[in-house]
Structures are given as C-alpha cells and as structure tokens.
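*Asks:* As they're listed, the protein sequences go chains A and D.
Take 1 as the starting number for the first sequence in this note's numbering and just add one per residue.
Take 1 as the starting number for the second sequence in this note's numbering and just add one per residue.
These are calculated hints, taken from the structure and not from any lab test.
Be a bit skeptical, because a hint or two may be false.
Since the list gives no way to pick one copy over another, a pair counts as held whenever it fits inside one copy or between any two copies.
Claimed, not checked - Below, a list of computed lysine to aspartate or glutamate pairs in the EDC-like style, where the Cα atoms sit at most 20 angstroms apart:
| no. | residue 1 | residue 2 |
| --- | --- | --- |
| 1 | Lys445 | Glu484 |
| 2 | Lys541 | Glu311 |
| 3 | Lys459 | Asp278 |
| 4 | Lys445 | Asp483 |
| 5 | Lys312 | Glu530 |
| 6 | Lys312 | Glu495 |
| 7 | Lys211 | Glu530 |
| 8 | Lys549 | Asp483 |
| 9 | Lys312 | Asp496 |
| 10 | Lys445 | Asp520 |
| 11 | Lys555 | Asp576 |
| 12 | Lys312 | Asp500 |
| 13 | Lys312 | Glu501 |
| 14 | Lys20 | Asp496 |
| 15 | Lys541 | Glu530 |
| 16 | Lys20 | Glu311 |
| 17 | Lys221 | Glu194 |
| 18 | Lys20 | Asp500 |
| 19 | Lys248 | Asp378 |
| 20 | Lys312 | Asp35 |
| 21 | Lys29 | Glu194 |
| 22 | Lys541 | Glu563 |
Keep in mind the model is a prediction, meaning the values are calculated, not measured.
2 protein chains.
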Amino acid sequence: MASTIPTISARYSLNAQLVKYLPIFSWLKTYSRLDFNGDLFAGIITAILLVPQGIAYAILAGLPAQMGLYASIIPTAVYALLGTSRALSVGPVSIAAIMVASALSLPEIKSLGDPGQSALILGAESGLIMLAMALTNMGSLVNFISHPVLAGFTSGAAILIILSQLPPLAGLAQPSCGIDINCYAGYVRGYNPETLSLGIISLAVLVFFGKPLTGLLKQMKTPLSLVTAISKCGPLAVIFLSTWAVTKLDLHGQHGLSIVGPVPSGFPPFAVDFLVWDKWRLLLPSAAFIGLIAYVESVAIAKVTANLRGEKIIPNQELTALGAANLATALTGGMPVAGGFSRTMVNFSAGARTQMAMLIAASLLGFAVVSCSSWFADIPKAALSAIIIIAVFRLVRIRNMIHTWNYDRGDGIAELVTLFGVLLFGIEQGIALGIVLTIASQLRKASHPHIAVLGRVPKTEHYRNVNRHSVETWHHLLLVRIDESLTFANINFVEDYLTDELTRQPNIRHVVLIFTSVSDIDTTALEALEAINQRIQASGKTLNIAEAKGPVMDKLRKTEFLEQLKPGKVFFRTEDAAKELG
Amino acid sequence: MASTIPTISARYSLNAQLVKYLPIFSWLKTYSRLDFNGDLFAGIITAILLVPQGIAYAILAGLPAQMGLYASIIPTAVYALLGTSRALSVGPVSIAAIMVASALSLPEIKSLGDPGQSALILGAESGLIMLAMALTNMGSLVNFISHPVLAGFTSGAAILIILSQLPPLAGLAQPSCGIDINCYAGYVRGYNPETLSLGIISLAVLVFFGKPLTGLLKQMKTPLSLVTAISKCGPLAVIFLSTWAVTKLDLHGQHGLSIVGPVPSGFPPFAVDFLVWDKWRLLLPSAAFIGLIAYVESVAIAKVTANLRGEKIIPNQELTALGAANLATALTGGMPVAGGFSRTMVNFSAGARTQMAMLIAASLLGFAVVSCSSWFADIPKAALSAIIIIAVFRLVRIRNMIHTWNYDRGDGIAELVTLFGVLLFGIEQGIALGIVLTIASQLRKASHPHIAVLGRVPKTEHYRNVNRHSVETWHHLLLVRIDESLTFANINFVEDYLTDELTRQPNIRHVVLIFTSVSDIDTTALEALEAINQRIQASGKTLNIAEAKGPVMDKLRKTEFLEQLKPGKVFFRTEDAAKELG
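The following block holds chain A by itself, in its conformation from the complex (with noise of 0.2 angstroms):
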C-alpha cells in the first residue's frame, strides 16, 4: 500500500512534468479573484474585437466567413491550455491569411477545387510541421530569420493585404486586363458608389476610435478601462452601422453592394474528411511557411508582453501548443491560426492576467456562432475592407525601417530585399530570399576568420597585433595569431592569408601559427594544413605551432602532421617560439 503514495520528490517532478506540458497548471492553483476580474474584462474586449476580425480575415483569406469565427473557439482554447505565453491571442491573423489566400490562388491548387478543404488541409499540414519540429527539438532554427527579415516581410505583407482590400472597398470587379492600360482606367472607374461611401465612411469610424476618441475620453476624465474598453470597441461599431445601414437602405438588393453571406449557425463541426493525399503533397511547401511564420511571429508578440512583466516564453512549447492550436483548427473547420499584434495588445492592456482572458473569449465566440450567426449574413465586405485595412496599416512600419538602415546598413539592405521580394515575386518568394540572404551572409562571416600578426611588446613577454600596438617584429619570423577554430568553412581564407603574407615577406624563414583560439580543427582543415606545410617546406621554410590547447594536440597526436612538420616544432608558449626563431 505504501508504494502507491507519491514521495515529495515524485510529487514534485509530476508537479513539474505536468506544468512542463500544461503550461496552464502554472497559475490555475494560485488563480485569485483579482485576476479574474481582469481576464473576464480582457477576455470580453478581445471577443468583441474576435469577431470582426475572424470574419474579416476569413474572407481576405478567400474562405467562408464562419472558418474565422470558428477559428476563435476550439484553438484559441487549445493555446490556452497549452501555451507559455498568458497574454497571447491565439486565432485568425492577417498575415497567415494572406499567405492562405496566396496559397489558395497556385493553379494547381484552384485546380482541385473547394478551398474551404485546402484551407483545412494548410492548418493540419503546418500544425503538424511544428508539432514535429517541437519533437525534435529544432525550435532554434528559426533563429536564423532575424528581426529585420521578419520586419521586412510583415511589412510586404501589409502592403499586399492593403491592395487586396482596395477592391472590396470600392466595390471594383475582379479585373481581368492584362497589361492593357485603357482598361485599368475603364476597371477603376466602374466603381461601386454606395459601396465605396460606406468603406470610406467605416474607415473614416475606425480613425476616430483611434487617436481622436480616446484623447476626447480622456479629457473628460472617463476611468482608464473604460477608455481601453470603448476605444477597442471600433471594429464592431463599424459592423453594427454598416450592417443596419445594409438592411436598412436594401444597399445589397437595389445597389449590388457585397455582403457577407449566409453563416452557418451553431457549434464547429470536428471533422477529418480533408485526408486528400495529392492536395497534401502540392500544399506542403506552403503549409511549412505558414507554421514557420505562424511560430516566428507569435513567439516574437509574446515576448514583448512577456518582457513587459518578466515572465519567460519557452519556445519549444509554444511550438507544439500552436501546432496542436493549428491542428485543432482542422479539425474543427477553422482557418490556420497564430498570435495576432494587435489583439494581444489589446486583451494586455485590457488587463488580462492569464490565459483565462482568452478561455473567457473563446465560449463568447462559441456563444456567438451558435446564437448569433443570423446576423452576420449582412456584414458588408466593404467595411471588414476598412477594418482590415486599418489593422494592417501599423504593420508597414517605414520609420523602422529607416531605423534599421541607419543604425545597420547590411540588415538594412536584407529588410528592403525581403519587403520588394514579397512585392514583386509574392509572400513565399519574398520571405525565402530573405532567408538565403540571411543564411549566405552568415556563411560568408563564418568563411572570414580573424587573423592577426604578433610581434612582441618591447620588454615584456606579451604578444599583440601589430596593427594596433608599437611591437618588435623580426626579419625571419612571422607570428600569426588565428582566432576561431579551423575548419572547412574558414582554412582557404587562413591558406590565402598565410600565401599573401609570405609574399609580401620574402625574407620569412619560420612561420609560427599561434593557436590560442583555436579549439578544434576538423578534417578538411587538417587535410589543409598538411599542404600548407608542404608548400612552405617545398620554398625552404618552416612551419610551427604555439600555445596548442590540450585536446587539439590530443587530436593531431592521431595523425602524421606533426611527423610532417619536422624540422617545424611545436611551442609551448609564444615566447619559446620567438627566443628560439627570432
């Protein structure tokens, strides 16, 4: 009887373990009743904001509006759950929308019709991608998408979801013109009236719940929440006035203006007929760009709330909890999701504490599609434009940019070559050029070891650069300091280095590599060294070693190098070398 009592110690590690994988443990058994006075305000604020939103961005995405709403509930609970982050708001998010609109419009894509399943397949696809990228540990890869990248790509981004909108807003037809100038004019200007007024007029709504309506609250001294509070609450003002003004004045019926359409009512529909191997295989490389985005962004949104009240994101878990957020999505009819800028903010500063906010905001959202869904049909699109519009509009960050570009000219250079790559060749394209751009830079720092020549510091027995101290140099002895560890990456630029200095010094009889940097040397430099050593010797000369680190002797112990080297010596010290060379 007595083994099947946990001792402190297994209590403790199972404690640990299941606050390991279920982050939510962390604060469930010291929630308080202050923290929930704070989630359920926030959970509130960013449900009324959820719902515009989801709709919103379900239609960017090409997709029924209800695979946005849906998107709310079961995978902004599955994050909750799951998650490191307590103030992140996991659902539907412009830019995995228009990477999912990007993804749906590849013609073998369309090819195979009904995008609703494609969509589907794209939220289990990545789901699954960061779910095995959690198990196998590579949550660090991503570290090799820096800010600057990642800051031009969202920017290219915002711009495109910007021009997509335009359309919708004034009501413009599909154009199908080519290069035909003539005909642009003529598409442009079959505006539609009534729908371009009432985008101008949401738009015209949305600026003023910025800025200009929290600057009047404040002066009249309303209480702080409440300014957070009605200040959020823009997005569904404009889909309220919008929607009466839609059935108010038949603008659908008699004027042609667009709306949202039937929604399905009640509760998300778990389901997995989207098993359609071909449509897997052809969205793969998409899908693996939306999770890496999907993670890199949400990561970098919940850090900078994490920051703000030193709590820790664990980068791992927050890949698996928005791989199973992503594969809860599918499964339960709802578009790709991640962790949105501006709701996170919004549920933070509206004083959400834990992840309850978004508990709380994810059964309004479920009460929400199953009672309300009859009043979503006659949402007009032009003002989910406006909405869209006005929440993307912060993500092209200019004076950033002009930051970066004066503060770093080459991560200067990789954001503009992200923003124009997403421009002009699309969303994919755009952020793998910045990728390789990335990656081919770094290859090329790690190919540029520093190498200096020593010479001594007059009576002492200290070795410096001689570019950056007065030091006795010899005529037949050439000290060279190399400080990283060499290895394929980096022996042709030591070899070139080592060629160069011996012809512009003629009259060098020993060479001494000095390698207190050097903590490993791998196979292609070993192979390197010997020819160096041999070319050296083959003009008479000879090469040596100083201050060799243990376990990198240990290593050329096992081989015939320092065999070749003789009459080239190994040194202890620097010092022993120059006494006896120079």
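Given the structure of chain A, go ahead and fit chain D onto it with the hints provided.
*Replies:* Just chain D now, kept in the frame of chain A:
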C-alpha cells in the same frame, strides 16, 4: 609618336594581365628543351591512357564512344591555355560520367530523346555556370563542400560506377525484375560465358600491370621512366588484346559479345544545334551539380600536384578554365569534362612540367580520331568495364574513412551520410544531403558563441573564466564575457545563458556584459538586448556594459539603448565595474 611606345610599367602590367588571363604565358617564355623532353614523354603516356578512358567513360555515361574521344581534344587544349595547374589532365572523368548517366536517366529527359544532345547541353550549361561563378567571384562558395562530404560523395559514386559495370562485364541483359528475387537469380544465371571470361581476363591483366609488373621490372633494374611507361599501358594492352580476341574468334558475331560499334572517323564537328530550351531548363539542376563537382574535384586534384612543386592554384581562374573547357566540349561534340585524378597523377609522375604535355596528348587524340577510328569498333565493352572498375576502385577510400571517423566524429558522420545518401537516394541527392548537413552544422556552431563568467585573479586587475582559474567572485555582481559579435544567429543563446545564470544565482543584483570580443551588434541582437534589459530591470536588477569597442559604442549611441540601460551604466574597464558594483 612617343605615346605609342609603352612605358616599362605599362608593358609590365600588360604582361601581368596576359599571364593572369592566359596562364600558359607564365611558363611559355622560359620554356626549355629539358621541359619539352619531360612533357613529350608525359603527353604520349597520357594520350595512351586517354583513348581507352575516353571511350569507356562515354559508354559509362550512356553516350556514343566518340563523345569521350572528342572531349579529350579541344577541351583538354582549352584548359592547357587557361588553367593555372601545370599538371592537371582535363578530359572525360568517371564521376562526371556517372553524373551524366544519372541526369540522362531522368524520365522527363529520356522522353525528350537523343541522349547525345542532352549531354552537350549538360556540358554547355555547366560551363556557363562555372563562367558565371568566375565572373561574380563566387569561387569561394565551394568552400562549403567539406573534404569529408566530397570524399563520401566520391566513394559512393565509385561504388555506383562499379555496380553499374558488373552487368556489361558479365554480358548480362538489362534486368526488369522489380522485387522478384527469383527473377534476379535467373537474371544473374543468364551471364554470357565468353563475355565474363574476357572481362575476368581483362581485370587480371590490369591488376598484373599494377604492382606485380612494376615490382618485376624494378627487380630487372629497368630504367624508372620505362617502368612508368610500361605500367601505364595496361588499359591500352587490354584494349589491344581483347579487340584482337574479338576479331580473331568472332566473339561478337558468334557469341553475342557486346562491342563498341562503329565510331565516325574524323575531327570533332563544331556545332550549336543543341539550343533546345525545354531540355536546358530540365537539365539545369543536374548541370549545376556537374559544374560544382567538376570544379571542386579538379581544384582538389590540381592542388595536390601544385603543393608537391610549390606552385599556386588560383581558384577563380580554374573556374574560368574549366568553364571554357566545358563550353568547348559542348561545341565540339564531347561529353562534360573535368580534371581526372589517375590521369593527372600519371601525367605528373611521367615527368610533365607544363601543360605542353596536355597539348601534345590532345594532338595525339586528334590524330587518333582522324586515322584510327575504324579500329575502335571492335573493342569489347567487357574490357572497357574492366578498365573502369580498376580505375575507380581506388576512389572507394575505406581506410581514409576510418581515419576521418577516428580523427573527427562529426566529419566521419557527414562522410557516411553522404556516402549512403548517394547509394540510397542517388548521385545528386547524396551530395545535396551532404552540403545541407554541412551548412546546418555550420549554422548551429554560429548560434553557440563562447560565453564565460569572469572573476578577478586575486590581487590583480585581471579577469578570467571562473571555470578555468581560481578567481574571486561577488555575491551581487555577475560578470559575463561574450566572445563573439552579437548577431541574430547567436543572441537567443546569449539570452538563454543569462536567464539560466540569473535563475541559478537569484541574489545577483547587477549584470555586466563584457564586450572585449564584440565587434558588432546587429539589429536583431540590439532589439534582443533591449528586451533582456527590460526583463532584468522588471526584476529589480541592472544591466551594465564594460569594455565596449569604439565602433560598437558609436552604433549604440545612435539608439535609445544607452538611455534605457539607466540606472545601468557603461564602464570603460571591467575593473571600474567591479569597483563600483562589486
């Protein structure tokens, strides 16, 4: 008038330019009778080797025999004019041949017909790729094929070549058994006894021409140059003997033994009728790999002989020379070319002093295709297979693999992965796998910078790693030295390191980052530092900086980071920080 006479410096620089672009002029001016004697002998020996190799490698690639012979004439001469290696023998090689065979076996290429035309396109494309790389100075990109990956690739390709030559050696028909083992048994029993006998005798003769014959000749005190000459005639002897046997015994007509068949007589035709865009597009990836491998293998071989004589290989000029040679092979009806290891060694050890040897060999090959092509028709394919097997056998370097495995485990794994990649997934997939593995491990290394917690060496102002030296530390002060520039690739590691250290030592109040080795901070790293500072300040501690270099401080002054650090400070020396905060 005076202005038309070049000054000495102008003439000198003209000369330097000439030598730079046409390296042949570096030796032509001082060319002596003695040089010619060596080159003549080496040229004849190499030509004797080129004839069977040319025919054999063309057939290995699945091409008509003459494409191997043509590839040994103009391309060899073009390299002789442009290359910086004095001993490299450029022409048909086994590895390029199997890569061509692999490309030609792609279903989409096969369906377009005429393998000869496809091979010309591969030569032209890989040549143009190499020339483009030379123009854009991208030769150093190939640093990212490490020696173990290259060795694994070569061994794998050699094993594939040997396997591919067993059926022609035994006169087996092409199998179409699928996975039916019994079928294979029947297939193997269907060998042609005459073909197999001739194949085995050929192998035996070739083995005899190796160590046994040279040992015998040395015992008989034969002059060394004669030993070299005789021992290298093995392939030609096998060709003579086996062709004689075929014609004498009518092995082709009566016993169905495969022969080369008619080879057109005359000089290679100059033609550009291979400009088929569809094929160019489909063959591009294969051509890129062939160009890459041709370049890397050729430079590796060229360096071996250059090191033995203290000469220098200029990688970028090699790209030009090999690119031009491959363009030339496409224009004159030959297969893709590269520097061959065994041929270069034969050329070198036969006494070649300059590329004159290769010009002589190319002329002899030209003579052979004009006057002897009718002799080639009856050469049995089994004899050629025997020549190929013996030639590539030494490329499977098991002992070298064991050395690499013992010397550096990571390199050993990379070598084995590439080897098995080639065997299991194919030639191009194998090398791609090796390169990706290499780059990934390089990126991994770049993301793990060396970081040390420092303490003070008692009674000095020196600060050293607490894990390596016995030093004084402080309760409230953490000194952390980061030994690399801070970039997007490694800043996450730094962040995690600091978090762990602060969790381990909760009583720390001040963190000092020591930037002695930090020569740059990129945008991503700066943003991460700002976030780290925010989190450290949120927990009531301070972040400080010490020993930042001038350029780093200049960059930081352009940002708000130094302002945000307060009350954290920037210290000039570590000593100052220790005095004030310790």
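*Asks:* Decide, hint by hint, whether the structure agrees.
*Replies:* Each hint tested on the structure:
1. Lys445 / Glu484: Classified as both; 12 angstroms inside a copy, 12 angstroms across copies.
2. Lys541 / Glu311: Between. Shortest inter-copy distance 15 angstroms satisfies the 20 angstroms Cα cut-off; intra-copy 60 angstroms does not.
3. Lys459 / Asp278: Answer is neither; intra-copy 76 angstroms and inter-copy 72 angstroms both fail.
4. Lys445 / Asp483: Classified as both; 13 angstroms inside a copy, 15 angstroms across copies.
5. Lys312 / Glu530: between (49 angstroms within a copy, 15 angstroms between copies)
6. Lys312 / Glu495: between (45 angstroms within a copy, 11 angstroms between copies)
7. Lys211 / Glu530: Cα proximity of Lys211 and Glu530: none, with 69 angstroms in one copy and 27 angstroms across.
8. Lys549 / Asp483: both (13 angstroms within a copy, 17 angstroms between copies)
9. Lys312 / Asp496: between (46 angstroms within a copy, 10 angstroms between copies)
10. Lys445 / Asp520: Classified as both: same-chain Cα gap 18 angstroms, cross-chain 12 angstroms, threshold 20 angstroms.
11. Lys555 / Asp576: neither (22 angstroms within a copy, 40 angstroms between copies)
12. Lys312 / Asp500: between (50 angstroms within a copy, 11 angstroms between copies)
13. Lys312 / Glu501: Answer is between; shortest inter-copy Cα gap is 14 angstroms, intra-copy 50 angstroms.
14. Lys20 / Asp496: between (51 angstroms within a copy, 17 angstroms between copies)
15. Lys541 / Glu530: within (14 angstroms within a copy, 52 angstroms between copies)
16. Lys20 / Glu311: within (15 angstroms within a copy, 61 angstroms between copies)
17. Lys221 / Glu194: neither (38 angstroms within a copy, 106 angstroms between copies)
18. Lys20 / Asp500: between (56 angstroms within a copy, 16 angstroms between copies)
19. Lys248 / Asp378: within (11 angstroms within a copy, 95 angstroms between copies)
20. Lys312 / Asp35: within (19 angstroms within a copy, 73 angstroms between copies)
21. Lys29 / Glu194: neither (55 angstroms within a copy, 85 angstroms between copies)
22. Lys541 / Glu563: Within one copy only: 16 angstroms inside, 55 angstroms across.
Checked against the numbered hints given earlier, this structure breaks hints 3, 7, 11, 17, 21; the rest are met.
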